[in-house]
Each structure stands twice: as structure tokens, then as C-alpha cells.
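Hints in hand, dock the two standalone chains.
Sequence lines, in order, name chains B and S.
Residues 1 to 251 (my numbering) make up the first sequence, in order.
Residues 252 to 897 (my numbering) make up the second sequence, in order.
The set of hints was computed from the structure by calculation and includes no laboratory data.
All values derive from a computational prediction rather than experimental measurement.
Any given hint might turn out to be false.
[Claimed, not checked] Here are the simulated lysine to aspartate or glutamate pairs, EDC-like style, with alpha carbons at most 16 Å apart:
id	chain 1	residue 1	chain 2	residue 2
1	S	K558	S	D602
2	S	K279	S	E396
3	S	K897	S	E578
4	S	K556	S	D574
5	S	K755	B	E46
6	B	K11	S	E807
7	S	K881	S	E396
8	S	K443	S	D467
9	B	K246	B	D231
10	S	K753	S	E794
11	S	K755	B	D26
12	S	K753	B	E42
13	B	K6	B	D30
14	S	K563	S	D574
15	B	K246	B	D207
16	S	K755	B	E42
17	S	K755	B	D49
18	S	K623	S	D574
19	S	K623	S	E570
20	S	K881	S	D860
21	S	K511	S	D873
22	S	K558	S	D574
23	S	K580	S	D860
24	S	K558	S	E632
25	S	K753	B	D49
26	S	K753	B	E90
27	B	K147	S	E396
28	B	K11	S	E808
29	B	K147	S	E578
30	S	K790	S	D873
31	S	K558	S	E578
32	S	K753	B	E46
So you can see what is in the structure, the chains are spelled out below.
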Amino acid sequence: MNLTLKVWRQKNRNAPGHLAEYQARDIPVDASFLEMLDIVNERLIESGDDPIAFDHDCREGICGMCSLTINGKPHGGKGGVTTCQLHMREFQEGQTIVIEPFRASAFPVVKDLAVNRSAFDRIIQGGGFISVRTGSAPEANGTPIAKDVADRAFAAAACIGCGACVAACKNASAMLFVAAKVTHLNSVPQGQPERDRRVLGMVRAMDAAGFGNCTNQYECAAVCPKEIPADAIARLNRDYGTAAIKEALVG
Amino acid sequence: MSSNPRQSDTPDAAIPSGPLATKWSRHKMNARLINPANRRKYHVIVVGSGLAGAAAAASLSEQGYKVSCFCYQDSPRRAHSIAAQGGINAAKNYQNDGDSVHRLFYDTIKGGDFRAREANVHRLAEVSVNIIDQCVAQGVPFAREYGGLLANRSFGGAQVSRTFYAAGQTGQQLLLGAYQALEKEIAAGGVKMFPRTEMLDLVVVDGHAKGIVTRDMVTGEVTAHAGDAVLLATGGYGNVFYLSTNAMGCNVTATWRAHKRGALFANPCYTQIHPTCIPVAGSFQSKLTLMSESLRNDGRVWVPKRKEDCGKPAAEIAEEARDYFLERKYPSFGNLAPRDISSRAAKEVCDEGRGVGPGGLGVYLDFADSIKRLGEAAIRERYGNLFQIYHEITGENAYTQPMRIFPAVHYTMGGLWVDYNLMSNVQGLHVLGEANFSDHGANRLGASALMQGLADGYFVVPATLPNYLATQKPGSVTTAHPQFAAVCDEVAQRVSKLLSIKGKRTVSSFHRELGLLMWDECGMARTKDGLLQAIEKIKALREEFWTNVMVPGSGEEFNQQLELAGRVADFLEFGELTCIDALQREESCGGHFRVEHQTPEGEALRDDDDFSYVAAWAYSGDVSRPQLHKEWLTYEEVHFSTRSYK
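The shape of chain S in the complex, shown without the other chains (with noise of 0.2 Å):
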């Protein structure tokens, strides 16, 4: 047992106690309950309706609870869950190949840096196989061997072979899947849905989470909603490097919200910069294009070995002049290294010189001797629709040469603290899918998301919820308590504050700049220095905001420059939380690197004496003073070693 002996200072994390593979059992078994008829009493508040989120409200409302669910998008069917491409991890063992639960928890808290809550993350790979049970039941069409049974494919950081996929477009059968149960009880009467309705604030009534304040995008209108217990599966906050794979519309706004009203959040600056990316092309580019991991099991990565070859179309440059970097690096594991490392050896790769294409920032990912051994249309089958996308967006056919890739920011590790219930310290305010920080420590393995996303919503929160409401009367804080007139006032006065401004500069020049500083300075490897100065300028950029941003429009309409100038608002202050966190992990783990901690082969170098903890924050009034707080990391099963994939 390497368990740390520092004493946390956050909240009881409610760790079930006895031994790991028994937790999650125990704790449902000693779990209170909710008799199924008083559970219509309750009303349950989800925000989000992606994988977690729509999970969590047609699973509650199967059982009975009366719920709530707010989407930004015009339905629930489009949040942002929809985009993963490559797969869903679980630990069925359909290939024979020595997959476990343990092996998926084992795999997962190694792949996180062991920076991950084990008992959390054991539940995890517990339930994984339930999710595909569930998906499978709803339709689900995953990719079929010919006798009719699931096909699995390999992710990053795994060695065996455990990703159920539907070709390219997991992620959106899954969220249809969830989608189509939410419809269903939409259709019965149990969820009421509000579409293209943004949640602006939370309202707590005596350290109890008791409802929101959101503004109906359509007409403005600022409405106060009270419930029982409120869920955010508010997804991550990768758009804060503005240029990232989420969808245009993903934002903090929810959490950070959550945070300014009590709300921990934990550890910000792990984020993962996805490898396989199509690179930018120019400074029009509004969001960057993820080329599926999955494309890994068949693509082999490159640069030329002298810079002097960058120049040359692909074809031109013979095999021995070529640097296949992740096969030479990392032998064991070849091109199916972890995104984190994968990242690295790139940027590593270009900042010598030897990138190809424009500005020399992109590797090759080539599938010629694939094709060769398969044939193009084994090749089609598996990934035609992520070659078409390629195709779309760079011009250029990847079946007769190399795609070009280059790392972006892709997800969020960190996010809201909460305990095994997914409750944050804040009573009654649980947090499921990429918005909470619990699962994938300092990274995340590839086809891991989805299997959070569900595991959070069809079994983790319908088995905990029923702890915290058995402890609360149903209905017993409405609207009419002052709290809630408090709250919108001040959401109504921040959105005239915005309008009011009349400034000069556009609200996407703002992020624009936001995004390039937290890109340079608190991306692929940071620094100290970089990390002060980068917090200096974002408080003055932060100050400028305020002065200086034009939104154009008014509050009483459908303003899509007030609901970016709100966002945007939030991440100028989230992102020096994120530089702040950046800078006091005097360590490289996982996705966050800093330059002063690396090995003398340029590997991260972590400090587990030092910095095997939780940074939990809390805010203290003032942005730019948050508190820390600890959560030592304690490991009863797994051994901290380090994370070798050569």
C-alpha cells in the first residue's frame, strides 16, 4: 500500500472503506433509498444533455424523479458528445486477450499518471460492461464481426484490444442511444426539456445547491428554477486555448459559475492535447479538426530525419531518410503510445525543425503500408468517413498520401471536485462526465470519455443521488425564497454590463488572444516564467474586457455575441486559475508539463512525495487570490512506478 500520509484538507471524499473490488458493491448496498412513490416528489435538475447528462435524466426519470434538463443547442440530441469519433472502453474481454476489470482500472490509473482517485476509477472500469449491455439493448449499432458478435478495436496506452466503435462515429450512436432514451421519457412526461436555454448562475440556499438561473436564448428572458438537487454535465473547457476539437459552443460557464458559488475546482491545468489533429491552416480558423486515435492501429507516424527533406512531397522522401519517432521511441507501445506522450514527441520533432507543411507544424500519419497489407477498401471500411472529413477540410486525398497531423487541445482532465457520490463540497451539487475532475488524473486514455460519460449518468448518479435526497424535504426551497430574486438580479445585471460596455474591440478578438496566450504559455510545456507572465497579461486582458469589448444587439433577443461575450468573460478568469494551478505543480505529469521537471531523455518527471494530491480550489472573492486545498491521493492496490511505455 503506498498510501501518503499527508493529511487532506478538502472535504471527506466518501470513499467507501473494505477492499477496492468491493467498494462500489458495499456502497450501493448501504446506499439510503427513496421509496418509488415518493420519488415523483423529488425534482432533479440536469444541465447538459451529452453523454452524462442525458443518461443521468432518462435513467432518474425511469425511476420515477420528476427532472428538469437544459441544453445551449436547439436540441439535446446535438451536444458536443456527439463528435467522439474512435470508441468506447470496457472491460468485456470479448477477444480472449487478458482484459480484466482490473486490467482496465490498472491501465487507466497508469495512463492518468497516478494522479486519479483509485476507488472511483475502479467503479469505472466495474461498469464499464454494463454500459455496452446498455447501449447494445437501445440499438446501438457497434461494428460486427461476421458471426454477428461486437468487434473490438485497440486505443492509445492499451494492450489489448477492448474499444467497441461504430466505425468513426461512436460518439454520436452513443449520445443518440442516451438521446433517444431522454425522448422517451420527454414522451412520458417524466423530463421536461429546455432547449437553446443557457444556465448563467447557481443559486445556493444554505450550503445546499437549490436551483438555477438561466436565460432562454430565444427571447432573453432570465428565469429562476428551483429543484431538489442540481447535476452539471456541462462537459470541459478546452475552448479557453479558443482554438480547440470542442464544438464552438462548449464553455465553462456552468462550472465556473458552480465555482464562484462555493464549488471546488480541481486541477485545472491538466489538459490533454489530443495528437492526431489536422493542423491549422491560417488565422481565420475557428476550431481545429480531430483525426480519430483510432487511426493509430493502421497509421504510421513520420517526419523526415534531415530538415533539409521537409520540403519534399512525401512520396519523394525514401524509406530510410524517414523517422518513424513514436516506433523508435517507444517500441512497446509504437504508434499506440498515450496522447500525452504522443503530443510531446511531435512538438519535440518540429521544434527541431523536421515538421512538415505549412509553418512546418504537422507530423505525417501514413497509411500506405496498410493499404498495402489490407488493401484500400479494408482501409475505407474502418475509417472512411475520418479520410472524407480529411479530405474536406485540407484538400488532399489521404488514401494516396500522408495525412498531416498536428496536436490540439482536445480534453479536460480537470474539473469540479466531488466525492465517490459525484457530489462537489457544495451539498446537493453533483457533477458527472468531463466537468468533474475524478476519473483520468493527469491524462486521459483514448475511448475513456464515453465510458465516463455513461458510467456517471445510467449507473454512477442513479445509485448516489437517492444518499444526498433521502437527507432533504422534497420541495422544500422554491423560488420564492429570496435567493433566487437575489441571483437574477445579478445575471440580469451582468448581461446589461456586457451590453453596455460599447467598446471597440469584438468578443472573439478577445478570445482569440486569450487562446493564444494559454496556448503558448500554458499548453504543450510550461514554464514558470511563461506562466507568470502569462497570468499578468490576462488580468490585463481581463481588464481590457470590461472596458473596452462591443456587443452589438440587446438582452430581449436571440444575441449570440452576448451569449460568446459571457463565456468569454468566464474564461478570461478560468484561465488564470488554470495558469495558477499550472504554476504551483512544481512537476510534469500526464498532460501538464513543465520544462524544469523532465528527465535527461525529456521525459515527464513526476514528484510523488511532493505532489501526489488533488489541487481543489476554492475562490476566495478574488479571482486572482484563489485557495488551495489538498486531497492526497492514497493507493491501496496500484504501486506509484513510472509510467514507461517503451
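Excised from the complex, chain B in its bound form (with noise of 0.2 Å):
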């Protein structure tokens, strides 16, 4: 198939960007999004031109690391795929596709459609996990969990860290991420004892991060590729809520 494209450029962070156009011709069907843009890359590259720099790692829908957002629509918005699932045959011959990067001002470009996502990290620094040490941990066994409620936490928990629910946002807000990460652990009992703590400490990292703030229109879970129900930002308030009030009253 035959393609134009009008690609994001910036040379890095601190340039300005602007979008160029390619044309993409004899594009295989069957190939993915990806792939594509190999393919384009590989005549920049041949006639001497700089090629597109994106973020891609493991080309299965896992890893998080690819980050189009594609004729304004964050992976596409087919939702339930990332980029890198996404392939040609859901395009239209001769179609023009704007290719763009995941845009949040806590998510700097790197190059071109490259983006920075570590404000994710810090967000699970605020207390994303469950203080275990290594080695002190008790019989796996020893603490049955209800089938729904360890397949609730894991739903939640299958969040890659993408980040396109940022960028679907007109707030950029990372609630949606946070929300899963909280569902997941505050669900499960050995997450109870830091699960205010948790609520807490991630909200607060979030918000020092700089994203904005949810205004519940779930762009976010329409395009989240792995389909994170918008109702886990309802348990994230009620959790928060419940541990700000412990706050204020307990200290």
C-alpha cells in the first residue's frame, strides 16, 4: 500500500519540532505499525537523511515502551493494542496518517517521537509496591485469596506503563495509572498494611510530577491497550479520600 505520513521531528528536548512529510510507499499489508516505519527509516537511511527516532522494544504488547500517538488517537485508538500490534491492514490505501508523540509536559521528547516517561517511576517510588525484604516472606499458601479478588488485582495489575492514558487526556493526567496500580495493590491482602501510605504517597508523586488533574471523560481507558476499566479511578478516590481523612484526624 501507498501511505503519506506527516511525522513529529525534534531534533531533541530543547528545539522546537515541527511535522514533516514522507511519503511510504509499497507497504506490505501484513506488516505492523512498526515495521512501516522500518521500512521508511531504511530509504531515509539509504538516501542519506536522518531517520525517525520512537521508542519500541518488545514488538509484543507487553514491555510499554512504544508510544505513537496516531492520527490523535494515542496507539491508534483501536484500544486493547499498543503500536506495536497495530497492523497495516487496518489502513486505507493512499491514506495521510499524523504521526505524533505521547504529549504530556511530564513527558519531555526526547527525539523526535522519543518521549521521557521516568515521572512513571517516581510515581511508584511514592509507594507503588509492598515493603517485603527479601527472604522474610511467609508460606505462599498461608493466606487464601478470594478467586475475584485476586482476579481483580490482577486486571488492574496487567497496566504496561505506557502511558497513553496520559496522552489521551486533555489534562494529561496519570489517574488511570495510578488507579491500577493502586486497585492491584490495595486489593490483595498482603497490601493492606501500607495501603494508605500508598494512596498517599502516589497521588503526591504524581502530582510533583506535574500531570494534571481527571475530570472523569475516560479518554484514558478507551485507549489503554490493556483495557484498565475507568472504575478503578473511583476506587483511587474512595482509597485516597479514606487515607487523607486518617490524616488529617490521626496524624
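Structure, rendered in C-alpha cells:
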């Protein structure tokens, strides 16, 4: 197939960026979206031009490294898939495709389509863990967990930390990301001792990183490649409210 | 006792004496310790943040050591352990089906075709139970039964159900557990994390690994880091084949650079070809996607009995015209025959012209019977995400028609040689997880990679590293030592050399050509002539690379082509060593199948008398003339036997 690409080019974090136009010719329909970019890049290199920088690694939808906004939608807007899982058969012959990075002030551009998402790591550092020293764990079957609770924790834990939720949100809020981890860890018995510290610490780290507030429009859930449900945000708000009140009353 | 009388010429493997079952506990009891107040004076460098690296960095920091951790991804959470699907083995015997530490040990030794080190494997089986406890305590959401207890499933090469899993995302959940432990330690100040930073060389001072040289992948800055010990947890080298199930960034650079600084590279020819991957669709393809082995619990593998039926849709091929070749050839293990055997069986039927799909390079994995027996909902719950991945890539619905699968490079059993303490022959250089050679012999069983990565990171290295550190004065070597400046200089020169060639061929075109060569001549079947030819072709390709590669851009910026060029340059050297290793091993074992050495039925023919050794290669200064050292394997507990899954 033949396509016209309009791709965001930006030399580095501080340089101004612009959309550049490229013709992508003779692209196999069975190629993935990133393989299409590989083909374009090979041709750019052969003609002495600078290839397009974009993040990618596992190319099977699990590492969370790929991060393109395609025609205005993170991961192409199909829902339930990452950019690397998107295949060219989803596009039309002759179509114009606009490719931009995940945009958010908390995700500064590294180069072209690659952004820095270390703000997500800082949120996890705020409390997205269970403090258990290696070697001090009790017997695994000592604490039975009801299957529905385990399943809910797993569904939330499936988050790959790609940041599509932030890129889709008009406020660049990271609420769905935080909510997924809080739902995972605050659901299981092992996570109870730190549940209040966790939610307060993560929300504060999120605010400090410069993410916006949630206005409940759920664009995040619509583009989430792992289909994290938006009701996780309600759970986060509930846990945060409870923890904040306890903190105010008890200190 | 099947002891091998021949003398090894590798360094002492430091295997504790005494009965196998008590070696590890006695070793820990005899190990040197470092007082908690002194631990913070020691700086440990950990390269890689997958299961082994993240687990080691977090655990050592918890003990009080000062840790620096490096990864090439933008976050430690993205290391390729994340992509492991099926599960993790542990000898918990929760199913009451006869499992035990000894049985897991024996299955692993046998699965590895009697080419793994007995003491290391026994330890692995012992600590497997602690891993599950640790992960559950971290909140890893393993699958559970309605009673709230942990669920298990079966994997290839075992007749018990000992695999713990989290749908088809077990690696992800285990890695996130280790990653969260790592972030906890970063927050506490015990670990300093360096993402988007690639190790480009090892610094060895007076025979001891005392630091690394890295390149900041965003700014291009080359920096020296000094430490009291260096831990490499940098994964496997499967991308030497270009197409593999590895992530695009997986590479051999860290271990290869360490090899060129003196570390022995062991058994590089032991590569695992995984039987159930989505077949190649075209020449544009950049990677292959695994379909978890767990699918073989409920899927049946078949091809048409007659070539003429291969073009027909699967539904039109009658039951009696189908050849369920794994069930036919290996009735007691059936569809759960080990990976090397299943892959070879698939290759055989395709070679006979009975393969299905484009180019005849595929076999069916059919769920129709299981769906009929259990219902589509049960299959969806077990494997939903895998069926979805399959649908995205092929556009086909595996609930209504069989999947097409074909073997692909997946894992590498070989790696840097280590002793029982996981220390290489370079003092202080420890190697963990897939990057070392020690536990899987010539073939790894399913669900054992996650087990080994976490065993090494959580339990082995935290217990053995003090043995080395206690002999070292903390901070005795700093980056002021001239060797650091010298190595930094070499790294910078290599970067500018790559940029200055300005030839006509892209880096990827070299990588692709090398990969095809390796797949054709050093893949599922290897011959003497083929390997000799491959070696010559790799040499020529390497020469062309260094005169005709085209690397755009500069070294002082985010330059993905430059990163790739450095990795491909190392693969072009490493690939030759792999072929040389495959050439010297005149037997077939596990993932290494030499066409000249097979039984009349086409099964692998081992030669224990002449080849029951670890081939550990030393760099001689000339990539084409490595020196072979042999560690003869001694078995106290198990006896060599022909590996049969019939």
C-alpha cells in the first residue's frame, strides 16, 4: 500500500519541532505499524537522511515502550492494543497518517517520537510497592485470596505503564495509571498494611511530576491497550479520600 | 556415581563438597559475611534490570549495599523478562502429584540433556519454593482456585503440575514485583538507577572486575563507573539470529565485551528454538512472537497426513487424514514433549512437504477438542490474551480455526561461564540469569527461565557475593585508575569509527544477512560443511561491515542506528564463536542437533564419553581463534541415560 505520513520531528528536548511529510510506498499490508516505520527509516538512511526516532522494544504489546499518537489517538485509538500490535491492514490505501509523540508536559520529548516517561517511575517510588524484604516472606498458601479479588488485582496489574492514558487526557492526568497500581496492591491482603501510605504517596508523586487532574471523561480507558477499567479511578478516589481523612484526623 | 575421569582445565567451579542435597545449605553456612555497618561502604554495579538484575539490585540494597543499576530501556520495568508468558516452576507439590525438589532437579537435568552442572541445578530446585513465597508476598497476582489457594498448570518435559502462572502474563507480573522492589529501594536511596544507559565495556584491574564504561543513550556521554563488584544480568543472545522472540534491543554486547576482557564464554551453540511461535509472514518482519508453551496443555499439534491436503482449509481435512505427530511419536508426553524435540518434529514434517500456511513453514495448533470439552469461555479465561495477540498479528480467529505455529529462536542456554558462586573467571564479575550458562544444559524446560532469573537475583547472589566482597577493601579502585580512562578512550574511538565509515549498507541489512546465515547453518539442524561455510561467510560479512556500514547522525545525541551498529558489530564476532562451538561439538544434545549424529529414528545422539563437558571459550586476541577449555561434568546423583519422551 501507499501512504502519506506526517511525522513529528524534533531534534531534542529543547529544539522546536515540526511535522514533516514522507511518502511510504509499497508497504505490505501484513506489516505492523512499526515495521512500516522501519521500512521508511531504511529508505531515509539510504538516501542520507536522518531516520525517525521512536521508542519500541518487545514488539508484542507487553513492555510498554512504544508510544505513538496516530491520527490524534494514542496507539491508534483502536483500544486494547499497543502501537506495535497495530497492523497496516487497519489502514486504507492512500491514507494520510499523522504520527506524533505522547504529548504531556510530564513526558518531555527526547527526540522525534520518543519521550521521557520517568515520571511514572517516580510515582511508583511514591508507594507503588509492598515492602517485603527478600527472604522474609511467609508460606505462599498461608493467605488464601478469593478468586474474584485475585482476578480484580490481576486485571489492574496488567497495566504496562505506556502512558497512553496520559496522552489521551486533555489534562494529561495520570489517574488511570495510579489507579491501576492502587487497585492492584490495595485489593490484596498483602497490600493492606501500607494501603494509606501508598495511595497518599503515589497521588502526591503524581502531582509533583506535573500531571493534571482528572475530570472524569475516561478518554484514558478508551485508549488503554490493557483495557484497565475506569472504575479503578473511583476506587483510587475512595482510597485517597479515606487515607486523607485519616491523616487529617490522626496525623 | 557417573564421574568423569578427565581433568577439567577451566578454573575451579567452587562446588561445595558433601552430599548434593546439603551442598547449598552448607555453602551458605561456610560463606563469609559482611557486617551490616560495613555493607554500605561497598558499591555493587548491576547491569540489566530484568528478573535477575532487578531482584539482585533490590535484594542487595535491602541488605545495605550501595547499588547502581543500569538498563538500556527508558524504565527498568521494560526489561524483556516482561514478555515471558506461561509461568514459573516451583517444587511446592501443592497438587499432591508426586513433585519434590529432587524431581524438579532431575527433570531439569534430564531436560537439559545431561549437560548442566548438577550442584547448580539442585540449588535452583531448592530455592524455587522460596521464590513463590517471595513473589506472593510482593502481591504478584498468580492465578488462584476458588478456595483462594494458588493454581498450577503443566509445562513441557514434566509429568507433574508445578507451574505457577498469571494468565499469559507471568513474566510481566513477576518483573513488576521485582521492579517495584527495586523502585522501593531507589526511593529509599539504596539504589541509583541509570535508565537509557548502555554498558559498552568492562573495566578489569589486576584481574578483578572493578567497573564499567557506559554511554548515555540520550546525550551520548561516555562515562566510567567504578564498583567493588560487577553483576551482569543482561539476558541472552538470541538476536544473533536477527529474527527471534527477543525484544528488538536484546543484545550480546555486555557479555561479549566482558568475554573480550577475559571472561570465558560457555556453550554458545546451545540455543533454544521454541516450537510455538507465529510463523514468518514476509521479509519485512522485524521479530517473531511466541505463543506460550502453556497452549500445548489444551492444543493439539497436527499437519495433514498427505501433502496434497496442505492447501485446503483445516476444517476440510477429515480427522483420519490428520497426523497428530507429537502424540504419535511421543505418546507418554504427547503435545507436551520438550521444546527441542517438538521443534525438530515440526521441522521434520515441514521438510517432508506437509507444512501448512505460506511457504509450508507452519503446523497447526488446534483447540477444537478442548473448546468442545471445556467450552470457549474456559479457553478464553486461560489463554485470552494469547488468542488476542494471535488475532492482531495474523488476522485469524483461533477459536474457530487452528493456530498456525512454527519454531523460532527464543532463549539461549549458553552464556558466560560461572562457578557455583555465579562468579566468572574474572574475579568479582558475577553473571546472573540467561546471561550465564549454568542451569539449563543443552535445553531449557518451559517455565524454568523465570525460576532461574529470580533464583539468581533474590537468593543466590545475595548469599554468594559477600564471599567475594569480603576479600576486597571497599572503594579500593576508583575511576582515577588509568584503566578507566583507557577503556573510556577505546569506547569513544569505537563509536567514532562506526560513525566515520559512511558506507552504503544499512546496519539492519547486515543484521538480517547474519541472522539468515545463522538460522540456515546454525539453527535447528547443523552440519560440519554448513558450519564451515557459515564461519567463512561471517568473517567476510564482518569485514564488509567495517568498511561499508552506513551509520547516520552523530555520537552526541539520541542515535538509535548507532546503538544498533554497536550491537550488530558484536553479533558479527559472536556469531562466529557460536558456529565454532557448534562445529567442535561432534554430538547432538538438546538444542544442538548435528545432522551427522542421530539415531536411525532421527533422535539426537549424545556422546557422553567424549562430550560431557562444558565448552568454555577464552578470547585469544583473535576472534577467529578462541581457545577451548573444558569443564568435565561430574554427576553424583543422576546417571546418564538416553533422554526418551516416548
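Verification of the supplied hints:
Annotation: proposed proximity of K558 of chain S to D602 of chain S holds, straight-line Cα distance about 11 Å (limit 16 Å). At most 16 Å may separate the alpha-carbon atoms for a hinted pair to count; K279 of chain S and E396 of chain S exceed this at roughly 36 Å. Proximity of K897 of chain S to E578 of chain S is assessed by CA-CA distance (about 9 Å); at most 16 Å being required, the pair is judged to hold. A C-alpha spacing of about 5 Å is found between K556 of chain S and D574 of chain S, which places the hinted pair at or below 16 Å, so the restraint holds.
Our distance criterion of 16 Å between C-alpha atoms is met by K755 of chain S and E46 of chain B, whose separation comes to about 7 Å. Straight-line distance between C-alpha atoms of K11 of chain B and E807 of chain S comes to about 12 Å, which keeps the hinted pair within the 16 Å bound. About 48 Å separates the Cα atoms of K881 of chain S and E396 of chain S, which puts this hinted pair outside 16 Å; it is violated. Between K443 of chain S and D467 of chain S the CA atoms are separated by roughly 15 Å; this keeps the pair inside 16 Å, and the hint holds.
Pair hint K246 of chain B plus D231 of chain B does not hold up; C-alpha atoms about 23 Å apart against a cutoff of 16 Å. Between K753 of chain S and E794 of chain S the CA atoms are separated by roughly 14 Å; this keeps the pair inside 16 Å, and the hint holds. For the proposed pair K755 of chain S and D26 of chain B, the alpha carbon gap of about 22 Å is over 16 Å, so the pair is violated. Distance check on the hinted pair: K753 of chain S and E42 of chain B sit about 15 Å apart at the alpha-carbon level, within 16 Å; holds.
For the hint linking K6 of chain B to D30 of chain B, the alpha-carbon distance of about 21 Å lies beyond 16 Å, and the restraint is violated. A distance of roughly 15 Å separates the Cα atoms of K563 of chain S and D574 of chain S; the hinted pair therefore holds under the 16 Å criterion. At roughly 20 Å between alpha-carbon atoms, K246 of chain B and D207 of chain B are farther apart than 16 Å, so this suggested pair is violated. Distance restraint check for K755 of chain S and E42 of chain B: the Cα-Cα separation of roughly 12 Å lies within the 16 Å cut-off, and the hinted pair is therefore satisfied.
Distance restraint check for K755 of chain S and D49 of chain B: the Cα-Cα separation of roughly 13 Å lies within the 16 Å cut-off, and the hinted pair is therefore satisfied. For the given pair, K623 of chain S sits about 20 Å from D574 of chain S by alpha-carbon distance, which is inconsistent with the 16 Å threshold. Taken as a hint, the K623 of chain S and E570 of chain S pair is honoured in the structure, with Cα atoms around 15 Å apart against an allowance of 16 Å. This hinted pair checks out: K881 of chain S and D860 of chain S have alpha carbons roughly 13 Å apart, not beyond 16 Å.
Our distance criterion of 16 Å between C-alpha atoms is met by K511 of chain S and D873 of chain S, whose separation comes to about 10 Å. At most 16 Å may separate the alpha-carbon atoms for a hinted pair to count; K558 of chain S and D574 of chain S meet this at roughly 11 Å. With a C-alpha separation of about 28 Å, the suggested pair K580 of chain S and D860 of chain S falls outside the 16 Å cut-off, and the hint is violated. Between the alpha carbons of K558 of chain S and E632 of chain S the distance comes to roughly 35 Å, so the proposed pair goes past 16 Å and is violated.
The suggested pairing of K753 of chain S with D49 of chain B holds, with an alpha-carbon distance near 12 Å, which does not exceed 16 Å. The suggested pairing of K753 of chain S with E90 of chain B is violated, with an alpha-carbon distance near 37 Å, which exceeds 16 Å. Pair hint K147 of chain B plus E396 of chain S holds up; C-alpha atoms about 6 Å apart against a cutoff of 16 Å. For the suggested pair K11 of chain B and E808 of chain S, the alpha carbons sit about 9 Å apart, so the restraint of at most 16 Å is met.
A threshold of 16 Å between alpha carbons decides the hint, and for K147 of chain B with E578 of chain S the separation of about 34 Å lies outside it, so the pair is violated. The straight-line distance between the Cα atoms of K790 of chain S and D873 of chain S is roughly 12 Å, inside the 16 Å bound, and the hint therefore holds. With a C-alpha separation of about 19 Å, the suggested pairing of K558 of chain S with E578 of chain S is violated against the 16 Å cut-off. Using a Cα cut-off of 16 Å, the hinted pair K753 of chain S and E46 of chain B holds, with the two alpha carbons roughly 11 Å apart.
When the structure is compared with the earlier hints, violations turn up for hints 2, 7, 9, 11, 13, 15, 18, 23, 24, 26, 29, 31 and for no others.
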